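K.L.:
Listed below, chain by chain, are the residues.
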Amino acid sequence: MIDFLQMVVSGVAVGSSYALMGLAMVIIYKTSEVPNFAQGEMALVTSFITMMLLTTFGYPVWLAFCLALVFAAFLGAFLEFAVLRRAKNPNILGTIVITIGLEMVLLGLVSWKFGAEQKTMPFPIGPYDSFIIGDIFIAKLEVLTLVSALLLMTLLFFFFKYTRLGLAMKATQQNAVAAKIVGIRTNRIMMMTWAISSVVGATAGLLISPVIMHPFMMWDPMLKGFAAAVMGGMTSLPGAVAAAYLLGIIENLFGGYVSIEFKSVVAFAIIVLVLCFKPSGLFARHYVKKV
Amino acid sequence: MDMKRGYYEDVQLVTSPVVFFWLVVLLVTLLLFPFVVSNYYVYVANYIAINIIVAAGLNLLVGYTGQISLGHAGFFAIGAYGTVILMAKAGMPFLLALPCAGLVAAGFGFLLGLPALRLEGPYLAIATLGFGLTITQVIGRMTLFGGREGLHAPDLVIGPWAVDTDRQFYFLLIGMTVLLLLGMRSLIKTRVGRAFIAIRDADIAAQTMGVNIVFYKTLAFAVSAFYAGIGGGLYAFVLRFIEPEIFTLMMSIMFLAMVVVGGLGSLMGPVVGAGLLCWLDLKLRNILNIPFLGDWLETLSRSWFSITGVSNIQYIVFGSIMVAIMLFEPLGLYGVWLRTKQYWRTWPF
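Chains as they are written, first to last, in my numbering: chain V, 43 to 333; chain L, 184 to 532.
Hints in this document: simulated from the structure, not taken from any laboratory. Mixed in with the good hints, there may be bad ones.
Claimed, not checked - Negatives, chain L to chain V, calculated, CB over 12 Å:
id: 1; residue: Met186
id: 2; residue: Tyr190
id: 3; residue: Leu206
id: 4; residue: Leu215
id: 5; residue: Leu286
id: 6; residue: His335
id: 7; residue: Leu362
id: 8; residue: Glu426
id: 9; residue: Gly477
id: 10; residue: Trp530
Stated by the list, open to error - So these bits of chain L aren't anywhere near chain V, every CB distance computed over 12 Å:
id: 11; residue: Gly189
id: 12; residue: Gln195
id: 13; residue: Val202
id: 14; residue: Val219
id: 15; residue: Tyr224
id: 16; residue: Cys283
id: 17; residue: Thr317
id: 18; residue: Leu363
id: 19; residue: Val375
id: 20; residue: Ala381
id: 21; residue: Asn395
Said to hold, decoys possible - Taking lysine to aspartate or glutamate and the EDC-like style, the derived pairs with C-alpha atoms no more than 20 Å apart in a straight line are:
id: 22; chain 1: V; residue 1: Lys130; chain 2: V; residue 2: Glu75
id: 23; chain 1: V; residue 1: Lys320; chain 2: L; residue 2: Asp338
id: 24; chain 1: V; residue 1: Lys155; chain 2: L; residue 2: Glu481
id: 25; chain 1: L; residue 1: Lys372; chain 2: L; residue 2: Asp384
id: 26; chain 1: L; residue 1: Lys372; chain 2: L; residue 2: Asp193
id: 27; chain 1: V; residue 1: Lys130; chain 2: L; residue 2: Asp384
id: 28; chain 1: L; residue 1: Lys524; chain 2: L; residue 2: Glu512
id: 29; chain 1: L; residue 1: Lys372; chain 2: L; residue 2: Asp386
id: 30; chain 1: L; residue 1: Lys372; chain 2: L; residue 2: Glu192
id: 31; chain 1: L; residue 1: Lys272; chain 2: L; residue 2: Asp338
id: 32; chain 1: V; residue 1: Lys130; chain 2: L; residue 2: Glu512
id: 33; chain 1: V; residue 1: Lys155; chain 2: L; residue 2: Asp478
id: 34; chain 1: V; residue 1: Lys305; chain 2: L; residue 2: Glu428
id: 35; chain 1: V; residue 1: Lys222; chain 2: V; residue 2: Asp45
id: 36; chain 1: V; residue 1: Lys72; chain 2: L; residue 2: Glu512
id: 37; chain 1: V; residue 1: Lys182; chain 2: V; residue 2: Glu75
id: 38; chain 1: L; residue 1: Lys272; chain 2: L; residue 2: Glu426
id: 39; chain 1: L; residue 1: Lys466; chain 2: L; residue 2: Glu481
id: 40; chain 1: L; residue 1: Lys466; chain 2: L; residue 2: Asp478
This structure is a prediction, so every number in the text was calculated from the model and none was measured. Using N, Cα and C, we set each Cβ at its ideal position, and we do this for glycine too.
Chain L on its own, in the form it takes in the complex (with noise of 0.2 Å):
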């Protein structure tokens, strides 16, 4: 493999010719693409652009810090709800309402990580699932976070640019979720991530190495909860309507299974595993018009199953996903990738 000889080397973005030529190609493509598909696909890039904020934060405190947690809707609602009522009730920009929104869960990140720094495996799982469920329950049941019934996002105004369709708030999306990746990306690199991966892989050896469990385990909870805080206060915007029954469990579950599905520890794991299952999630809800196969489930299901119940196959879709990835390539599509090169690079032999 490639060998690094320095820290310069491990930090830089751009290697080689190749690589800038790719990374121009890429922007290139992203910042065209509004302009030659139709609004939804452009409202699928906006849902898929959350999700991959979210997975990279999520990635952060499981691939590469080697907790669990089952509540990141919590997080993700926390900044929702942060950010409209920033901006609703107290005025603010949406520039500064956002990122305070995300301190916001950032702090309750903070505050998780806490009990998080004596509990592993099935304690963390549940006491991370509970996290999440309560902010639910007590979002739902605050008048001031609109109670059930849910709040409207405010107009969004930028200085002089007023963000008011998907078209246009595709452009805010995609340079947040850039920056912040490579925010990501830099973090890992830094003294920072390699106290994470140490973290992850032995943490006493870790520890009597001079690492500071307290903090950098509580770091992790906090940056990762900002990364779920700054997706959740865009993820208002998109729908333009916010409301507790949308933060639920099943979200948490999915948060993960983009992660896992991804590749745990990698960088762009998060970003495929987000645009696969989002992009599956939104297909699935209209099976029946996929094209052959929702012809064969209709008469599948009018005959042995419930028409009612046809839309629940997405469950069954993304379960034996998660299932098989574990029980075949625990490293998700990244180790996929990474055989395929191998493969590929030492081809006739």
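Excised from the complex, chain V in its bound form (with noise of 0.2 Å):
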């Protein structure tokens, strides 16, 4: 039973993590159609930015913080703004391979200016504090990523229902023309979209760097979170978050019963029977295609 709960409690930590990157993900697919396989990446270059300014600049950890979320807010808008817009009706997989190809550039960048071997953040929480309830061991750092994310899906849920700026970005996703007719810049409103979702990520990747930190870091958060959006129907935010704490804790389950060498691929194959019964996610509404 303590190991029941101890495994819940880690995969509940582990899909915080996913279900910022999740989120992140979502954000974008909303409002432009774009799968940003880019995400994890850009947070990697925020966290490397981070430990930059922290180690070589020796900024006090807030202020470097703070302007790692900056940074991320200005990359993602540059993103968009450089790249996506200049793309001219691309199709779906055109889409997929600019940003496969955006997060090879992002990652090359990072891995030669910082070579490929593991680096340590200084994290103010290390990777290994933790506090015991009962029996179960709680690393601080987990309880930091849940209450981040939780934070964070609060105020997107706040920000999207009762912002302007929130109700624009709604506008834009449902009905492009539309929300250009009443006076929407959804070039601008799109490039907002990516600042956010990039900083949304970019909190993920701080969080995760204090236990891992290498160029590659980021490709297994960021594909099981693509995952979890998946699964929670690509356009839904609840659904993305409610799908990445359950891979986070069946993966985990997975790992203590069953084998802990396929741990890492239980989640795929989850996705796999998911979408075959359900083509288009857990939460999401079924799309019919009108000819």
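Fit the two chains together into the complex; they arrive one by one in their own frames, and the hints show the way.
P.N.:
Rendered as structure tokens:
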């Protein structure tokens, strides 16, 4: 029982970082129908910049993190403005290829600059600091991840529901032409969507970096986050979050009870199974193409 | 453009004496090539030929049928491991083991094609991507497949002919590549190929015209996987040693990049794309040895970047190529060729 609870707790913790990545991808996909494979590497660049600010320039932690998030926002906006907007009516394959290309460029830049070896992030909370409730170990970093994930989700919820910008984003996503007619600059909205999504992804990157920090660190969270987003229906924010926690918990339980070796691929097996029965994911209405 | 008046004219390979002449020149060049150049370039040619086979197969799926696959490294791995195991454990001759492994890969392609019937866009991308990753993991954990230690390819003997150098393997490989490409061309020009194209252009319209979507989509996956499997089986003998770490997601991405860079939905596109990207890949592995550029990059790396990570420039190059192709010429190099041809045909105007 203790084992079980422990696994669920670490599953929730892992699920939080998947949820952040999944959220970031859903935000972009909702507004622009781009499955953003570069999401992980955008977060990667931000994490390494933060590390540079902390170690090379010796900035205080709070300042470095604020600057990192601002940088993330600008990076996202820049990529949308400089690359994605220049593509003329790309189909879905086109956007996948473009974002994979961006991913490789960013990955190459980071590993050229910093080398491929493991780094350590001078994070105020170490990966092994933990406290014990009952007999369950809970790492402080995991709690921080969970709290920031929940906080960001709440913020996003209110943002999309009540602010002008959030409503404009919703309008753009539902009908870009109509949004333009009522005076929304859809291009600018698109750029801001990328900025917000990049910040959400960067938060995930910053929270993963104390545990593991090398140029390929974001692949697994990004792919799992993408898997969660797809499982949740690719357009539903709560769906992506729920699926991410589900994947995190199932993954950990599978690793504990069935086979630790196949732990990292079980998420994809689940995805294929889910998609067999619900081709548009668990939480989205099935999209029927009209002729 | 040139007008086709009948079915025969469409499938005809040799349309004019000029074409015939260049075909002969091409064949003679291919046959004489290994006698003129050094061993290294024969190896390069083998490497490129294998990638051409896989890229042609992937092009059938992505370019002609309009599906997405980020998991072709999985089929490639199945082909490589299948061939080696069928030869080493089941004692099959190479020429039997290779198509058998290809058929196994095709079977997996068919299985992956089943969920793909209902999926599109990002859903299909993540499903195929997951398939590729899973195959590599499963192979890496099973003792039959040699686990993490990998497997050595057995000696390659075809009848009385012992193929043990790159130069000898080249002839086998070129023969197969040409055969497979001709097979692909014939497939595209038949009823089946036209069904694929119809599905790509408008699947619902194709269905109303009587194209059996279930059959043709799964067939596209199976044929594409067959090509990847054959490529994998041959690759095992170029490397002589296979391990699960070779068949990564990056490999699947590179296959997709070859097709996209060469030109989606064209016969020569994957050939050019595979040739260009493989050549670049081999060149960029030793980027510091390139004259002038290498020295400049070395000083640049020392002062601004890190010298240990300099080999990662290849990611930047490949990524930029992919982005640039998609932004400026979505038809790839084939599109560039078409436009150049058009430009010179109507030149003074």
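K.L.:
Does the claim that L/Leu362 lies off the interface hold, with its Cβ farther than 12 Å from every Cβ of chain V?
P.N.:
holds (29 Å)
K.L.:
Run the C-beta distances from L/Gly189 to all of chain V and say if the shortest one exceeds 12 Å.
P.N.:
It holds; L/Gly189 is separated from chain V by about 33 Å at its closest Cβ, greater than 12 Å.
K.L.:
Is the hinted pair V/Lys72 and L/Glu512 satisfied, with a Cα-Cα distance of at most 20 Å?
P.N.:
With Cα atoms ~26 Å apart, V/Lys72 and L/Glu512 exceed 20 Å; violated.
K.L.:
Hinted pair, alpha-carbon criterion (20 Å max): L/Lys466, L/Asp478. Please report holds or violated.
P.N.:
Given that 20 Å is the threshold and the Cα spacing comes to 15 Å, the pair holds.
K.L.:
Going by Cβ atoms, does L/Met186 stay more than 12 Å from chain V at every point?
P.N.:
Label holds. Min Cβ-Cβ 29 Å, cutoff 12 Å.
K.L.:
Over 12 Å from every CB of chain V: does L/Thr317 meet that, or does the non-interface label fail?
P.N.:
Nearest chain V Cβ is 5 Å from L/Thr317, so the label is violated.
K.L.:
Would you check the hint for V/Lys130 and L/Asp384, treating anything up to 20 Å between C-alpha atoms as holding?
P.N.:
holds (18 Å)
K.L.:
Would the pair V/Lys222 and V/Asp45 pass a check requiring their Cα atoms to be no farther apart than 20 Å?
P.N.:
violated (55 Å)
K.L.:
Using Cβ atoms and 12 Å as the threshold, tell me whether L/Val202 really stays out of contact range of chain V.
P.N.:
holds (32 Å)
K.L.:
A cut-off of 12 Å on Cβ-Cβ distance, and L/Tyr190 was said to be off the interface with chain V. Does that hold?
P.N.:
holds (30 Å)
K.L.:
Measure nothing beyond the straight line between the CA atoms of V/Lys155 and L/Asp478; if it is 20 Å or shorter, mark the hint as holding.
P.N.:
holds (17 Å)
K.L.:
For L/His335, is the shortest CB-to-CB distance to chain V above 12 Å, so the non-interface label stands?
P.N.:
Holds, since 23 Å exceeds 12 Å.
Checked against the numbered hints listed earlier, the structure breaks hints 17, 23, 35, 36 and 37; every other hint is satisfied.
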